[in-house]
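**Student:** Using the sequences plus the hints, can you model the full thing?
For the sequence shown, this note's numbering begins at 1 and goes up steadily by one.
A hint or two may mislead.
[Unchecked claim] Below, simulated EDC-like cross-link-like pairs (lysine to aspartate or glutamate); rule was C-alpha separation at most 20 Å, straight line:
{"no.": "1", "residue 1": "K52", "residue 2": "E62"}
{"no.": "2", "residue 1": "K72", "residue 2": "D91"}
{"no.": "3", "residue 1": "K45", "residue 2": "E92"}
{"no.": "4", "residue 1": "K64", "residue 2": "E92"}
{"no.": "5", "residue 1": "K52", "residue 2": "D63"}
{"no.": "6", "residue 1": "K74", "residue 2": "E62"}
{"no.": "7", "residue 1": "K48", "residue 2": "D9"}
[Stated by the list, open to error] Simulated DEER-style distance windows between Cβ atoms:
{"no.": "8", "residue 1": "Y5", "residue 2": "K72", "range": "28 to 34 Å"}
{"no.": "9", "residue 1": "K52", "residue 2": "G112", "range": "42 to 48 Å"}
{"no.": "10", "residue 1": "R94", "residue 2": "S2", "range": "36 to 42 Å"}
{"no.": "11", "residue 1": "R94", "residue 2": "N23", "range": "23 to 29 Å"}
These are calculated hints, taken from the structure and not from any lab test.
Every residue, glycine too, gets a C-beta built ideally from N, C-alpha and C.
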Amino acid sequence: MSASYVLVDDVTNMGGTLAELANYIRLNRGTVLGSIVLVNAGRDKNFKPLKKYINLLEQRYEDKIRQHFGIKTKALTANEANYLVGFRSFDEIRNRCLKVKEETDLRLLSKGIEPITLSK
1 MSASYVLVDD VTNMGGTLAE LANYIRLNRG TVLGSIVLVN AGRDKNFKPL KKYINLLEQR
61 YEDKIRQHFG IKTKALTANE ANYLVGFRSF DEIRNRCLKV KEETDLRLLS KGIEPITLSK
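**Tutor:** Given below as structure tokens:
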């Protein structure tokens, strides 16, 4: 027998955490009835992206989003898709990710925390 769930979060920015949790529940034969968020800090109030943005990302980057992030383009949230549409090339996306990683590592080091190194 499958269980039904309502997802609850205090704050969402891009919506990825709720999307991943919903995906996990569905993969394990559960049902997601809906979600409740106290604060949606993202720009788009909807979680479902516009079809034109998904089509544009698929045309522009083909399978690179899935290869780099491990997320199918069709599984992006509205805020994630809206953000990625603003980049002109996948190199820009990759460079932005590297810059954020460097900034995060520096903040961690300044607090005496060793950054996590991920291997591909």
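**Student:** Confirm or reject each hint.
**Tutor:** A quick look at each hint next to the structure:
1. K52 with E62: holds, 14 Å
2. K72 with D91: Cα-Cα ~18 Å, so holds.
3. K45 with E92: violated, 26 Å
4. K64 with E92: holds, 12 Å
5. K52 with D63: holds, 17 Å
6. K74 with E62: The hint holds at about 12 Å.
7. K48 with D9: Distance ~17 Å between K48 and D9 Cα, so the pair holds.
8. Y5 with K72: 28 to 34 Å: For K72 against Y5, whose Cβ atoms are near 22 Å apart, the range 28 to 34 Å is violated.
9. K52 with G112: 42 to 48 Å: Hint holds: Cβ distance 46 Å, inside 42 to 48 Å.
10. R94 with S2: 36 to 42 Å: holds, 39 Å
11. R94 with N23: 23 to 29 Å: holds, 24 Å
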